[in-house]
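Trainee: As a plain string of letters, each chain reads:
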Amino acid sequence: MAVYDEELIESLTQKAKIIRQYVVKMIYNAGSGHPGGSLSSVDILTALYFHKFLDKECKKDNKEPIMNHDPKNPGWEDRDRFILSKGHSAPTLYGVLAEAGYFEKKVLLAFLKDKNDEMYERIKEEKAFGIDLLMYLRRLGFPLQGHPDMNKTPGIEASTGSEGQGLAIGCGQAMAAKLDRKLYHIFVMIGDGEMDCGQIWETAMSASHFKLDNLIAILDRNKLQLDGPTEQIMSLEPIPDKWQAFGWHVIEIDGHNFKEILTALDTAKEVKGKPTLIVAHTVKGKGVSFMEGAVGFHGKAPDEEQFKQAMKELEGDAGA
Amino acid sequence: MPVPKEKVESQRKAYALALVELGRERNDIVVLNADLASSTKTLEFSNEFPERHFNFGIAEQNMMSTAAGLAAAGKTVFVSTFAVFGTGRVYDQIRQSIAYPKLNVKIVVTHAGITVGGDGATHQITEDIALMMVLPNMKVIVPADAVETSKAIKAAADYGGPVYVRLGRAEVPSITSEKDQFEIGKATLLRNGKDVTLIGTGIMVSVCLDAAEVLKKKGIDARVINMSTIKPIDEDILEKAARETGAIVTAEEHNVEMGMGTAISMVIAEKKHVPMKRVGIPDVFGESGSSDELMKKYGLTVEDIVKAAHNVLKRKDKLSRLQRVSKKLIKHERKKGNKKDTKRSKSQKRKSSKKR
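Heads up: the protein sequence lines correspond to chains A and B, in order.
Position one of the first sequence corresponds to residue 19 (the numbering used here), numbered consecutively onward.
Position one of the second sequence corresponds to residue 713 (the numbering used here), numbered consecutively onward.
These are computed hints drawn from the structure, not numbers from a lab.
Beta carbons are placed, not taken as given, at the ideal position from N, Cα and C, and that holds for glycine.
Among the hints, erroneous ones may be present.
Simulated restraints on C-beta separations [to be verified]: (1) A:PRO172 - B:GLY897: 29 to 35 Å; (2) A:GLY216 - B:GLN1035: 56 to 62 Å; (3) B:GLN893 - A:PRO258: 57 to 63 Å; (4) B:GLN893 - A:LYS90: 41 to 47 Å; (5) B:ASN1023 - A:GLY93: 54 to 60 Å; (6) A:GLY159 - B:LYS983: 30 to 36 Å; (7) A:GLN32 - B:ARG736: 29 to 35 Å; (8) A:SER253 - B:GLY897: 49 to 55 Å; (9) A:MET252 - B:PRO994: 36 to 42 Å.
Derived pair list, reagent style EDC-like, types lysine to aspartate or glutamate, alpha-carbon separation capped at 16 Å [unchecked claim]: (10) A:LYS81 - A:ASP23; (11) A:LYS77 - A:GLU25; (12) A:LYS229 - A:GLU288; (13) B:LYS984 - B:ASP948; (14) B:LYS983 - B:GLU956; (15) A:LYS196 - B:ASP740; (16) A:LYS81 - A:GLU249; (17) A:LYS35 - A:GLU333; (18) A:LYS200 - B:ASP740; (19) B:LYS863 - B:GLU839; (20) A:LYS260 - A:GLU249; (21) A:LYS196 - B:GLU763; (22) B:LYS814 - A:ASP167; (23) A:LYS229 - B:GLU763; (24) A:LYS260 - A:ASP214.
Please take these sequences and the hints and turn them into a complete structure.
Mentor: Right, here's the structure in full:
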């Protein structure tokens, strides 16, 4: 079992804070989006996308990264894949992709200069705001769609947004890997609200039937969905028992604890003959006090005051 | 040219053979089905390539999205089930997972339409073409017979995006020949004629050919077109048919309110407006019965097409009579006008046209 030192955990923690700031800025700027479920998933996505770059042992090639990917070569055949089945958390995915270097900001600016002077000027003006492209989430003519689009944004492995389908898409990619005798893994993040979908259970059955040990599902168990607490809307528990009964290896972790996240992912990759579900217990809206555990911030952007307050909390933490 | 209709063949068997041939030629061909491998005939592929054939049980939604994942990882995926389960039941999965990202998935369905027979309305889908036609990025193909099925399957495999291929359950008369070219988006002329054009798709193409024979005996020279691709529709052949024959009848084993006939009527309305009549299943659900009985009850016989041909020919005649009369009138008016013009000044002429 790999060891994760404090330095790595600290650098991941700092990275996650940056991603959280992006998420809040993006959604505030767009005027709509899903802050709650985006913030609950930040730490897991940060661990997946940045372990390769922040773990010194990976840099020295002494250790295999949790997720092997190359932002400069998104189409690399042997890459590990990540699918965000809960597509409404797109801001988090865009945040990590941008921070990892999947987007070429300058290319976009050059592209705009020829095509859209007005937009070009506006992006220039707002440059101080962070990564330029991220500030154009959900805007006409820009690649960052409200939900991930694999043909518009580099690094997106599946177009998701209609709940319940991403796990099956991951199942297909895992089957293709087996057919091609490739060793890559497919990580799929699913939401707990999404678990209401019958299709999730169809895939739970088929992934186990086809013995897809290269498929690792991570449940962002933030316990809230649009209309309220999951257990009130449609009871899901006991989740681990159910998935074990379907033939999955199940690991339960604190989805905001990097050591637990990394260890679980590492363990999952070693499991043979069956897929793994990591039940990551998370807090919806994690990192912004008034969004934490608040149903109201499932699909609502913060107003100006809330935005300022949220940034104060996130930046304050980052500086500490 | 059409070959004589001496034999009937199964489109499903042709599909099975084409799949096996493709499987031998290409390693990227993967086949999925949902507990209907023996009915859709993908079983033949699974016998030869068990590692590339996956049965999902009765879980079509899962099968469709999984197909998308396989395609995203570089596979050419054939997904098969009955038409009713391969479209309506999984519309959202097709829309979101396959059509929107334009993934390389071929949805080849069997048992389409009313000729499913005994199973009744629950299994007789008559709106599948409509559902697939409205999806951006989707190609919709309805082969006329076994020979064309084989070519359509190969063309679908060569095209790098989503394709819907609709096949029937019953054996159908062979009307196309091995030599005929098949290209997605191109209709074929099976019989030339100048009085009226009969356009069929799927099993209705052979019924159109029979109808043309009946019309011939009555001295009517009917053109017959096999519209094997419904989306994108071959606008050129339609415009030419409208221009040269001046009357169009369409025939399909599908809800007549929204299918091939509808797609054709849009082209006819915008490109070359001529009298047209759509033959198809009325806007109702089907019922149990034999194929032949159902074809008769729901208006899909040779007689229905012949009747529709007479209807459009009547309107065409009326239209050309009207056109002749109005041409004469225009000529007459012009003559009168010319005489008056010589007497009138230009300003007076402007006034009179204003009054009108």
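Trainee: Any hints from earlier that this structure breaks? Give me their numbers in increasing order, please.
Mentor: Going through the list in order, the structure violates hints 7, 16, 19 and respects the others.
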